[in-house]
Amino acid sequence: MIVRILGEGQVRVDDSAVSELNELDSKLEAAVERNDESGFQSALDELRARVRAVGRPLEPGSLEPSGLILPGEGATMAEVRQLLADDGLIPG
Amino acid sequence: MVALMGVMKRVSLIFKSKANKALDRMEDPRETLDYSYQTQLELLQKVRRGVADVATSRKRIELQINQLQQSSDKLDRQARDALAAGREDLARDALTRKAGVQSQLSDLGTQYTSLQGEEEKLTGASQRLQAKVDAFRTKKETIKATYTAAEAQTRINEAFTGISEEMGDVGLAIQRAEDKTEQMKARAGAIDELMASGALDDMVSGPRDDIQAELDRMGASSGVDAELERLKGELSQGSAPRQIEGATGAANGSAAAAGGDVNPAQVRPADQPQAGDGA
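Chains as they are written, first to last, in our numbering: chain A, 1 to 92; chain B, 1001 to 1279.
Source of the hints: derived by calculation from the structure; they are not laboratory data.
Just so you know, these numbers come straight off a predicted model, no measurement behind them.
One should not assume that every hint holds.
Unchecked claim - Below 30 Å or equal to it, Euclidean Cα-Cα: the simulated BS3-like pairs (lysine-lysine) are: (1) 1185(B) x 1009(B); (2) 1016(B) x 1180(B); (3) 1144(B) x 1016(B); (4) 1139(B) x 1059(B); (5) 1121(B) x 1046(B); (6) 1021(B) x 1139(B); (7) 1046(B) x 1009(B); (8) 27(A) x 1018(B); (9) 1009(B) x 27(A); (10) 1121(B) x 27(A); (11) 1016(B) x 27(A); (12) 1046(B) x 1139(B).
Pulled out of the complex, with its shape left as it was, chain A reads as follows (with noise of 0.2 Å):
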């Protein structure tokens, strides 16, 4: 499974770590539906860190598409909302 953390690049994370991140991704989703935002920046530094220890860098030219993204350094979840909304920040 590839993994993006935006503004970082991606990794490719082995299918064995998959489960532990969705787990640490289900409390990062509980703390936006709670509009928790301590809980949020805790819950998405622990998933970027696990990202980045298990995860091993892409080859810098590689094409190949994230099946997970994830928000990057210093995003509040605020952004994070605009990012998931129909008509998201992402431009293009």
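Fit chain B to the known structure of chain A by using the hints.
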């Protein structure tokens, strides 16, 4: 309400749907490969301009930090000078201003670090995008040379989605950097105005510097006093008593005309060497 599938999955789907919409607009994908490549090159240019903008903004902050530091150092010296001259009121004034300058400095320091971080991120984004654009160019030439339109469609999808994801990521990074740079420009402009108005550091600009003016005035008047004493000393040593009387009177008259505050009782020939040294 969206079913719980995790934030990461949802974000990746948003990116994919953007890429798919763009792909759907293509008729013969081989022709649009070139168009897409053009867009990628434009984005690369934009990231590079973004890096340059952030660097310019960072350098401007650096310059302001240096100016404010000089201002702070000067205020510190002035406070010492004022205190040495027994002017605690002036020293307090200088230290109060120094505290204001220091608070600006610490703010700017934080902003500077944040801009540095932005610059690093954009530089990294630019390098990653460059690598992917190069890979895409190679792939596009292969696809154009080797495949029919129908075959090319599937070959292109993955490459296109991959590069489109990178472009979306880089686009977000540029937006973020632009926002920060704009904020910093506004802030740097405000500090420039503050400096120009003299509110922050008129002590650096010389003639407008009221603390320095006061210290200079004190220094100048003691210089005039010393000069007067020297003159009086010369006259009293080299002339007959009668002439001394008249000469001393003339010296006092010119001192009064120069706005000096000379007490004839201070005229003591014995002070002459020290007074001369001090002038």
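Below or equal to 30 Å on CA atoms is what counts here, so check residue 1121(B) against residue 1046(B). holds, 14 Å
Given hint residue 27(A) paired with residue 1016(B) - CA-CA distance at most 30 Å: holds, 24 Å
Satisfaction of hint between residue 1016(B) and residue 1144(B), Cα-Cα up to 30 Å: At roughly 23 Å apart (the allowed maximum being 30 Å), residue 1016(B) and residue 1144(B) satisfy the hint.
Is it true that the CA of residue 1016(B) sits at most 30 Å from the CA of residue 1180(B)? holds, 28 Å
Taken at face value, is the distance from the CA of residue 1009(B) to the CA of residue 1185(B) at most 30 Å? Roughly 37 Å between the alpha carbons, so the hint for residue 1185(B) and residue 1009(B) is violated.
Pairwise hint evaluation, residue 1059(B) against residue 1139(B), where the allowed Cα distance is 30 Å at most: It is violated: about 39 Å lies between the C-alpha atoms, which goes past 30 Å.
Does the structure keep residue 1009(B) and residue 27(A) at a Cα separation of 30 Å or less? This hinted pair holds, its Cα atoms lying about 14 Å apart.
Run the distance test for residue 27(A) versus residue 1018(B): straight-line Cα separation, threshold 30 Å. Given pair residue 27(A), residue 1018(B) holds - Cα atoms ~26 Å apart, limit 30 Å.
Are the Cα positions of residue 1046(B) and residue 1139(B) separated by 30 Å at most? holds, 23 Å
Sort out whether residue 1139(B) lies within 30 Å of residue 1021(B), counting only the CA atoms. holds, 21 Å
Given the hinted pair residue 1121(B) and residue 27(A), is their alpha-carbon gap at most 30 Å? holds, 27 Å
30 Å Cα cutoff - pair residue 1046(B), residue 1009(B): holds, 29 Å
When held up to the earlier numbered hints, the structure conflicts with 1 and 4 and fits the remainder.
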